[in-house]
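A.B. asks: Spelled out from the first residue to the last, the chains are:
2 protein chains.
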Amino acid sequence: MKTHFETEIYAQPDVLRALVENKAAKVTDIVAQIKAHDPSFVMIAARGTSDNAATYGKYLFSAFNQTPVALAAPSLYTLYQQPPNAGKGLVVGISQSGETPDVMAVLKTAKQQGAPLITITNIPGSPMDTICDNTILLDAGVEKSVPASKTYTAQMAAIAMLSVYWNGDKAMLGELNRLGDLVAEVLEQHETIKQIAQRFTETEYMVVVGRGFTHCATYEIALKIKESTYVVAQAFSAADFRHGPIAILDPGFPVIAVAPKGKSIGDMREMVSQIQERDADLVLISNDDELCKQVDSVIRLPAHLPEWLAPIVATVPGQLLALELALAKGIDVDSPRGLHKVTYTL
Amino acid sequence: MKTHFETEIYAQPDVLRALVENKAAKVTDIVAQIKAHDPSFVMIAARGTSDNAATYGKYLFSAFNQTPVALAAPSLYTLYQQPPNAGKGLVVGISQSGETPDVMAVLKTAKQQGAPLITITNIPGSPMDTICDNTILLDAGVEKSVPASKTYTAQMAAIAMLSVYWNGDKAMLGELNRLGDLVAEVLEQHETIKQIAQRFTETEYMVVVGRGFTHCATYEIALKIKESTYVVAQAFSAADFRHGPIAILDPGFPVIAVAPKGKSIGDMREMVSQIQERDADLVLISNDDELCKQVDSVIRLPAHLPEWLAPIVATVPGQLLALELALAKGIDVDSPRGLHKVTYTL
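Note that the protein sequences, when read in sequence, are chains A and B.
The numbering of the first sequence is the working numbering, which starts it at -10 and goes up by one.
The numbering of the second sequence is the working numbering, which starts it at -10 and goes up by one.
Bound-form chain A, shown alone:
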């Protein structure tokens, strides 16, 4: 019998296709309000997996909407009760359950401060849906596995929709409409990933490295591996990794490099060479032919993958790797030890 985690990973192409199609009118409406408010900045509040979706938003709203993005520090709203004034900004809350209390605290405060709010959640009628006039409901269906998959990529797609409808770029909109197909294509790498996972059943730690837009994908892959397999997986930007933490690499150290084609590929080629110089055990997630030739262990990304969508698509091989590694280690991946589905931090 398939695990919930696997079933939900495979649901992603359909969830994404439906979201991009069915929420176009809603997002158009929300974007009209954003433009009327002309925010000086965007503040995004999220926890755990959703925090990686927030990082995706940081890159997209900065690059394509020229708007600086602050990631909220929820403890300032709860523990310290000394929140910043977000009145001149737009505030976005992201939560699968729509009830993470400290994310809710950010929204509540921002509303009092006069900021327009957007909620991205999978649960209609949840507190975060209720407090907010503008909710993008993910309609991803119930997510039963504790490690999130389909709600995460749907959160990212909702952010991508906001960014694209906000900047009005027709070419990007066309690319967004292909997102479900791109994810379906990367699922075809499942057997390759299963083979790779067998190599790491005794692994206790791992590094995941990327650059630029894929920053959030590296963090999400590392989180999925930690949650599902108990391997100490740690994510880095190549820019930071090579100037300090790279000291930890010794021969055979497992490293996953996320390197989609695009403006970051030159830097990632250099990073891969630096990793190979140290004889690390490298797995490459890429669609760059030159780089793929240089590495033995490759998970192929779709050839025609726009760099700005790569963070969504490149996360999926990481989900499959976490799944297969958990199965190989005999872990109940749907309910890892000591974890619960909803985050109740205060």
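Worth flagging that the hints you see were computed from the coordinates, not collected in a lab.
Treat the hints with care, as some may be off.
Identical chains share a label here; the pair holds if one copy fits it or two copies do between them.
[Claimed, not checked] Each computed BS3-like pair below joins lysine-lysine, with the alpha-carbon atoms no more than 27 Å apart:
no.: 1; residue 1: Lys318; residue 2: Lys250
no.: 2; residue 1: Lys183; residue 2: Lys77
no.: 3; residue 1: Lys252; residue 2: Lys97
no.: 4; residue 1: Lys133; residue 2: Lys183
no.: 5; residue 1: Lys77; residue 2: Lys24
no.: 6; residue 1: Lys252; residue 2: Lys100
no.: 7; residue 1: Lys97; residue 2: Lys77
no.: 8; residue 1: Lys159; residue 2: Lys183
no.: 9; residue 1: Lys24; residue 2: Lys100
no.: 10; residue 1: Lys24; residue 2: Lys318
no.: 11; residue 1: Lys100; residue 2: Lys77
no.: 12; residue 1: Lys250; residue 2: Lys77
no.: 13; residue 1: Lys183; residue 2: Lys(-9)
Once you have looked at the hints, place chain B on chain A.
C.D. replies: Chain B only, in chain A's frame:
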């Protein structure tokens, strides 16, 4: 012979005392300009160790100056050349050397966008000093060790000065004037830390956990350990750790908990219990008597330590632990393998 790293760790009380005293006039002048500009947000650009100082700024400017903080994504300025518009904000660049090219790129763009700039650096006449009318020079003396110590805590102190002079809180200013003495007090824990380090000479990974203001201290301690000892040290907020990554803990897993007294202590007490339930090998950095009784392995923080200064003071035991662990492992801590002092990312 003492290593440069140790000498520079011990220089910190004097460096901090001098900074707080000698830069008061300069910071007063800068703050007058900030107030005239009335920024909607602060954007901070930094890399590596300095990035942890930026996180400290995120908490301070948010909590004490009610101003949201965005941490710049330098690749948007260099690789992608699609930067956000920071014209309505205040932009702060932090770099020991004052020449980190991608941090420099953020400042250059922000200047064109009309944002006021502040540079925090140790090197007068460096590019970041030159581009900017408002530089806080750290005057920390040459830092010879590759792992930074005195320039890092001085960067944090400069941020603390900006925040306090900006909000004009006299009590906090009085506390800031005691910073050098507080750091001197925590250096007295050196022998205790040396004993603790002996226990971890065979350790390959480690978790560092904190909450709220100490977020940056946990990240800096983990970074220092990675750079100096090649141990895979990973930092977490307690809020995130307990809802996913805690799955990696098994009996004997080394964990450092940073838990100064203050508004976050309740949450950290709960976190410590959760860590102890898993029989992890816990080292506690704290001044909370109740919590200290509950743990065998304790590094004492000063009894009268204001929570907002704890991120600076609590970093110092982490520096000493990195130092002693490196010495115990026979590593040349002044020049770890494959590292260079200045970060030249583009």
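A.B. asks: All hints, please: hold or fail.
C.D. replies: Hints versus structure:
{"no.": "1", "hint": "Lys318 <-> Lys250", "verdict": "neither (33 Å within a copy, 40 Å between copies)"}
{"no.": "2", "hint": "Lys183 <-> Lys77", "verdict": "neither (48 Å within a copy, 50 Å between copies)"}
{"no.": "3", "hint": "Lys252 <-> Lys97", "verdict": "between (39 Å within a copy, 21 Å between copies)"}
{"no.": "4", "hint": "Lys133 <-> Lys183", "verdict": "within (22 Å within a copy, 47 Å between copies)"}
{"no.": "5", "hint": "Lys77 <-> Lys24", "verdict": "both (13 Å within a copy, 17 Å between copies)"}
{"no.": "6", "hint": "Lys252 <-> Lys100", "verdict": "between (38 Å within a copy, 24 Å between copies)"}
{"no.": "7", "hint": "Lys97 <-> Lys77", "verdict": "both (15 Å within a copy, 25 Å between copies)"}
{"no.": "8", "hint": "Lys159 <-> Lys183", "verdict": "neither (38 Å within a copy, 61 Å between copies)"}
{"no.": "9", "hint": "Lys24 <-> Lys100", "verdict": "both (18 Å within a copy, 25 Å between copies)"}
{"no.": "10", "hint": "Lys24 <-> Lys318", "verdict": "neither (50 Å within a copy, 58 Å between copies)"}
{"no.": "11", "hint": "Lys100 <-> Lys77", "verdict": "both (11 Å within a copy, 21 Å between copies)"}
{"no.": "12", "hint": "Lys250 <-> Lys77", "verdict": "neither (36 Å within a copy, 34 Å between copies)"}
{"no.": "13", "hint": "Lys183 <-> Lys(-9)", "verdict": "within (15 Å within a copy, 50 Å between copies)"}
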